[in-house]
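Protein chains in written order, with the working numbering: chain F, 1 to 330; chain V, 1001 to 1330; chain P, 2001 to 2326; chain E, 3001 to 3326.
A couple of the hints might just be wrong.
[To be verified] With a cut-off of at most 27 Å between alpha-carbon atoms, the simulated DSS-like pairs for lysine-lysine come out as follows:
(1) K1066(V) with K3023(E)
(2) K96(F) with K3307(E)
(3) K3023(E) with K1144(V)
(4) K1114(V) with K3023(E)
(5) K284(F) with K5(F)
(6) K3251(E) with K2264(P)
(7) K1096(V) with K2315(P)
(8) K65(F) with K2023(P)
(9) K1287(V) with K1271(V)
(10) K28(F) with K271(F)
(11) K3315(E) with K96(F)
(12) K2194(P) with K2251(P)
(13) K271(F) with K3033(E)
(14) K2307(P) with K1041(V)
(15) K140(F) with K2033(P)
(16) K2315(P) with K2252(P)
(17) K2033(P) with K1271(V)
(18) K3313(E) with K3194(E)
(19) K1268(V) with K2033(P)
(20) K3015(E) with K3180(E)
(21) K1140(V) with K3015(E)
(22) K3023(E) with K1065(V)
(23) K235(F) with K2023(P)
(24) K1114(V) with K1235(V)
(25) K2023(P) with K140(F)
(26) K1096(V) with K1041(V)
[Stated by the list, open to error] Where chain F lies over chain P, by a calculated footprint (3+ residues, C-beta under 8 Å):
(27) 2072 to 2078
(28) 2093 to 2099
(29) 2102 to 2115
[Claimed, not checked] Sample of chain F residues lacking proximity to chain E, with all beta carbon distances greater than 12 Å (derived):
(30) D210
(31) T278
(32) D285
Keep in mind that the hints were calculated from the coordinates and are not lab data. We put the beta carbon where it would ideally sit given N, CA and C, even for glycine.
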Amino acid sequence: MSASKHAQLGLSDTDVLYMYESMIRARKVDERLWLLNRAGKIPFVISCQGHEGMQVGAAMALDGKKDYLLPYYRDMAMVMHFGMTTENILMANFAKAEDISSGGRQMPGHYGSKALRIVTGSSPVTTQVPHAVGYALAGKMEGKDFVCLTSFGEGSSNQGDFHEAANFAGVHDLPVIFFCENNKYAISTPADRQLACESIADRAAGYGMDGVSVDGNDPLAVYEAVSRAVERGRKGEGPTLIEAVSYRLTAHSSDDNELTYREAEEVKAAKEKDSIVTFTKYLKDAKLLTDEQEETIHKQIQTEIDEATDHAEQAAYADAESAMLHVYDQ
Amino acid sequence: MSASKHAQLGLSDTDVLYMYESMIRARKVDERLWLLNRAGKIPFVISCQGHEGMQVGAAMALDGKKDYLLPYYRDMAMVMHFGMTTENILMANFAKAEDISSGGRQMPGHYGSKALRIVTGSSPVTTQVPHAVGYALAGKMEGKDFVCLTSFGEGSSNQGDFHEAANFAGVHDLPVIFFCENNKYAISTPADRQLACESIADRAAGYGMDGVSVDGNDPLAVYEAVSRAVERGRKGEGPTLIEAVSYRLTAHSSDDNELTYREAEEVKAAKEKDSIVTFTKYLKDAKLLTDEQEETIHKQIQTEIDEATDHAEQAAYADAESAMLHVYDQ
Amino acid sequence: MAMMNYLGAINLALKEEMERDEKVFILGEDVGKRGGVFLATEGLYEQFGDRVLDTPLSESAIAGVGIGAAMYGMRPVAEMQFADFMLPAVNQIVSEAAKIRYRSNNDFHVPLTVRAPYGGGVHGALYHSQSMEAMFNSIPGLKIVIPSSPYDAKGLLKAAIRDEDPVLFFEHKRAYRLLKGEVPEEDYTLPIGKAALKQEGEDVTVITYGLSVHFAEQAAKELEETGISTHILDLRTVYPMDRDAIVDAAKKTGKVLLVTDDNKEGSVMSEVAAIIAEECLFDLDAPVERLAAPDVPAMPYASPLEKQFLVTKDKIQSAIQELAEF
Amino acid sequence: MAMMNYLGAINLALKEEMERDEKVFILGEDVGKRGGVFLATEGLYEQFGDRVLDTPLSESAIAGVGIGAAMYGMRPVAEMQFADFMLPAVNQIVSEAAKIRYRSNNDFHVPLTVRAPYGGGVHGALYHSQSMEAMFNSIPGLKIVIPSSPYDAKGLLKAAIRDEDPVLFFEHKRAYRLLKGEVPEEDYTLPIGKAALKQEGEDVTVITYGLSVHFAEQAAKELEETGISTHILDLRTVYPMDRDAIVDAAKKTGKVLLVTDDNKEGSVMSEVAAIIAEECLFDLDAPVERLAAPDVPAMPYASPLEKQFLVTKDKIQSAIQELAEF
Ligand SMILES: Cc1ncc(C[n+]2csc(CCOP(=O)(O)OP(=O)(O)O)c2C)c(N)n1
Ligand SMILES: Cc1ncc(C[n+]2csc(CCOP(=O)(O)OP(=O)(O)O)c2C)c(N)n1
Ligand SMILES: [Mg+2]
Ligand SMILES: [Mg+2]
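Just need the whole structure built from these sequences, with the hints factored in.
Right under this line is the structure:
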């Protein structure tokens, strides 16, 4: 290969290092959250471990100044690359008033910020998918050229809302990117008990849209697929369904016990393909990252996380009485 | 062609004449219903005109002694070929106590009879589709070899319930035939505002099932496609999605005014491809039907309809107080 | 002022709001060329083009796409072809529309109106006749509006469209052509959340909403001749309820008849009764009475069975009379 | 008899019913190897194999496939992972399960049980804490059962599975491990549709259900020492309601406190209040009082906000006390 893969995709060295940092940051924040949970300091964790590569690859392809993100609970790396800070995440996990998504009202993983164009999400899966179509429809009506990326798991792609929204976007040629993060499990249920198709991308034809399946452990492959979808969306060529295949490296959440349904061996094998591992190797092979730089980055991020943890732990909860506010416009 | 098409499919001359009779009967009952409605004798009509060929072709492929039918409101020809009588239909349209589907409780077109293995249906579209999967699952659990055919319109295939049920059947390899009657309109909405795919059959791949699109005006082509699906189902090879393409020759219902949304020209063109016309021609070309036989059949059916109309008109309504019955087991 | 029916008033409200604010748009099944199966959107596609959008047949998407567009900043008016067919959209309405302001700590909100024809008496049978308000009257974040006259229909629908929160707007399908009245051709809105006193009376208080208001008024008129004077309160908004108006109305006569054309148990009238039991029990001279449809799944198709189910002027009249004599 | 918790009682009921009748099977998300996210079906996949079916993640299909299998003649028990996630299945439950017997004039029926964990106080936030009963308590054809103890949980779940009609069976998720009690290891059922008198008392009547029964009992015990005697009725079936038991309980003391951990307006307690207002208004010595969660969309995640929302033993205790002093 003459030029490096990222250069061929139009990404600078700075870009890929920036992606790398986002991945590492998300992984380290995630690890911190588990520690805090095990220490009894936060009641619940839901993890992005294993998804960092695809999430950062996808977010990198969007325009942070005009596009919209409608993520799901596993998208910490994605929302962080799209603008949420380490402190934002910690505040939410400690359920403090400064949580920008909900002021401590929602469980962690329920991202939202109007300022960041990350649209508020809930727990019932795929309800955000028609919302993405609604944003895209509004944009089309107003002649805007933004795209909306919405994500969900492979199990969740079996909900009616996915189908109805995808079809709506297909019929009206709306600039929506349906981004399915196939991590092979829906809690305990393996993909072959969720789906009979080879790939989620096989569903695209039924909505008259482009469908593509990519290696979710390769952030550059994901970047490439999403970039194409973005381009099509901006040109008014309609929606795209992208499946990114990877693996969930942790239990479903801190309430789950994965040992009841999958073998440790399988997890171990998946860890070898972890995007953090492979992308680090890519950067080192390309001589973009030295061991020292790696250490520096890790340290900086660790410090950032320590500080954010302290802030969040010390921050105030919202007033109990504030639970009565914001049911209706006041 | 050496052998006739129906012989190649294993259908006897008697079989195809029987199919022909069912088609004519359904058409003539349908026409009677419109007359009764226009005369103010029945409040509502929903029509099968244009669908007779595909409905009879599909029903002919089922085993009337063991398979289950979960039809939709437009399936009069299908349920009649599967066992409902002209009198059954008239009783329902007059909302009389003897209506076997509901005792006059439901609108016409809401077919159901445990004895006939036609499963009770409602108005919200595609709710019957998961029921078909439930019947098939029960059959699989009990080691039976029946199949379940459920039908719906192309517009209705956009409901979440279709998607969820199709996926469920795909994952569990259940003997369900998803039979989509694509008549190009959902009330006023043309298929291209409902769907972005070329054919509903394009959706099959997403559920890991076979998908096929057939000419709905050709009862033999439909018979062939459904027979194959039945065979696969009985052998435990899973579900099939079949699209039969035709045209709705009447307004959506007696409450609709089709002139507000489609051209008379288009309807006229479709009438030339009407399965009643083309199948009559097929039989005559094959020398299975003479003009005299045709007249005799028409007359017999007309007499049958006249009698059924009289019976139904004179029959009693259910007692007003009976409206209180059968909310729960009593 | 012009004479128009309930349907015309709704059509006019939609037209005026779309002219006033280009963020307003309509989405639903057959709302375009066809003008809706009841013709509520007739002529609007011709005037506003793609701002009147025929959607695929999928109610959850209609609601969900509407919610998304509303969060973006539009003012969508979603039509559910029949209230019975909102049920596939319940998750979007309850989990999403109702909770978005609260869960986002006021960052996002959903100015969405969901219109749906409800009610029976038109041979619609089980699935084209139901009242749906009782499924949603326990969902904070929603507002449920049910107009009882052409005048109210126009004023309340315009208010619903301008409301910053999701409003379920139920229109009685039998009222569409049955109810006629004077409707101003200029702009006006009526307050959501406020009940309306339809007439003052001394003997019996009737609290109701929707088409039953009309039947209650007819019954009251006939009873007037026999010397019975009826106080009638039209709830107009059935969730959240106008507690003060209910308490005042109940106290006024001390005898209260609650009328709904929905099934009785768990209806919105249960809440009215509860408010009265909490707030003005000792002002009552007779037990609270509820007149409602029987607790069967929904009204049958056959005329005699449908009639058995329906709450009619006559049934209301006898109930008022009995209560007056208590 | 064995000591077991509420969760164990449910698990045992499922096991016994599956052993007794091979038509009984379970379907839901993660009910197989995982034994359900709360472990209600633990061990059943190992014992019964494919009769414990992991379904794709699609609640409308879980309900709809269950309905189909039930019409065929099976006795499916569908698990909704959280009551909050029943909402995508509302159309199947309300349009289909509830109406099939009626619409088919008794030809078909649906012996389906839908189990769902509800309620909060476990840091589940908005979407893992809700009470859903009030959305379904106006739907004739359904029955809604909510047990308040391990003993009731076993007996009522077995009755639900054997019932010839669809039953929504709500299990308080905080009760799963909090409530322990003696549960017979032999077969027994408890009647659906009947409330249970938990204790006789003279001063104040508390009518409630689910986990609040436990808190009411605790509150009553403490109040006993201060000389206040509490009469407690556990509804057990919240739809259709046991009117006679409600009227008797209300009359007993003349002072009624209605407790639910759901939001107040439009809750199932509105119906209880309405029954009292209709049937025994003049037997009351104090206005009916409802103690419920505030009318906000659902409980927040942060502890102080969650606490603000919850109906606790202390809140019940003060309410009884105030009423006693009225
Ligand atoms: C409508 C609904 N049903 C059930 C749940 C409970 N639940 C939460 S996550 C989950 C599994 C999702 O799996 P998948 O879509 O593959 O996403 P992943 O967690 O693997 O990223 C389930 C069943 C839910 N949140 N919403
Ligand atoms: C859930 C639901 N939404 C709306 C309707 C109203 N409705 C009845 S038939 C129909 C169109 C159906 O079109 P299609 O599926 O193509 O079947 P066709 O009538 O053309 O045979 C609509 C919108 C309904 N019955 N159910
Ligand atoms: Mg997954
Ligand atoms: Mg059609």
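- May I ask you to check that D285(F) keeps its beta-carbon over 12 Å from the closest beta-carbon of chain E? holds, 39 Å
- Message: Check the hint pairing K2307(P) with K1041(V) against an upper bound of 27 Å on the C-alpha distance.
- Response: holds, 18 Å
- Item | Distance restraint between K28(F) and K271(F), which requires alpha-carbon spacing of 27 Å or less | Cα-Cα ~16 Å, so holds.
- Closest CB of chain E to the CB of T278(F) still more than 12 Å away: Non-interface label on T278(F) holds, nearest chain E Cβ at 29 Å vs cutoff 12 Å.
- Query: Are K1140(V) and K3015(E) close enough, with their CA atoms no more than 27 Å apart?
  - Reply: holds, 22 Å
- Item | Satisfaction of hint between K2252(P) and K2315(P), Cα-Cα up to 27 Å | Answer holds: K2315(P) to K2252(P) is near 23 Å, not above 27 Å.
- Holds or violated: K2033(P) with K1271(V), Cα cutoff 27 Å? OK: K2033(P) and K1271(V) at ~23 Å, within 27 Å.
- Item | Distance restraint between K3023(E) and K1144(V), which requires alpha-carbon spacing of 27 Å or less | Since the Cα atoms of K3023(E) and K1144(V) sit roughly 14 Å apart, the hinted pair holds (cutoff 27 Å).
- Query: Is the hinted pair K1114(V) and K1235(V) satisfied, with a Cα-Cα distance of at most 27 Å?
  - Reply: holds, 25 Å
- Query: Is the straight-line distance between the alpha-carbon of K271(F) and that of K3033(E) 27 Å or less?
  - Reply: Judged against 27 Å, a Cα distance of about 23 Å means the pair holds.
- Query: Would the pair K284(F) and K5(F) pass a check requiring their Cα atoms to be no farther apart than 27 Å?
  - Reply: holds, 14 Å
- 27 Å Cα cutoff - pair K1268(V), K2033(P): Status holds; Cα separation ~21 Å.
Of the hints listed earlier, there is not a single one the structure fails to meet.
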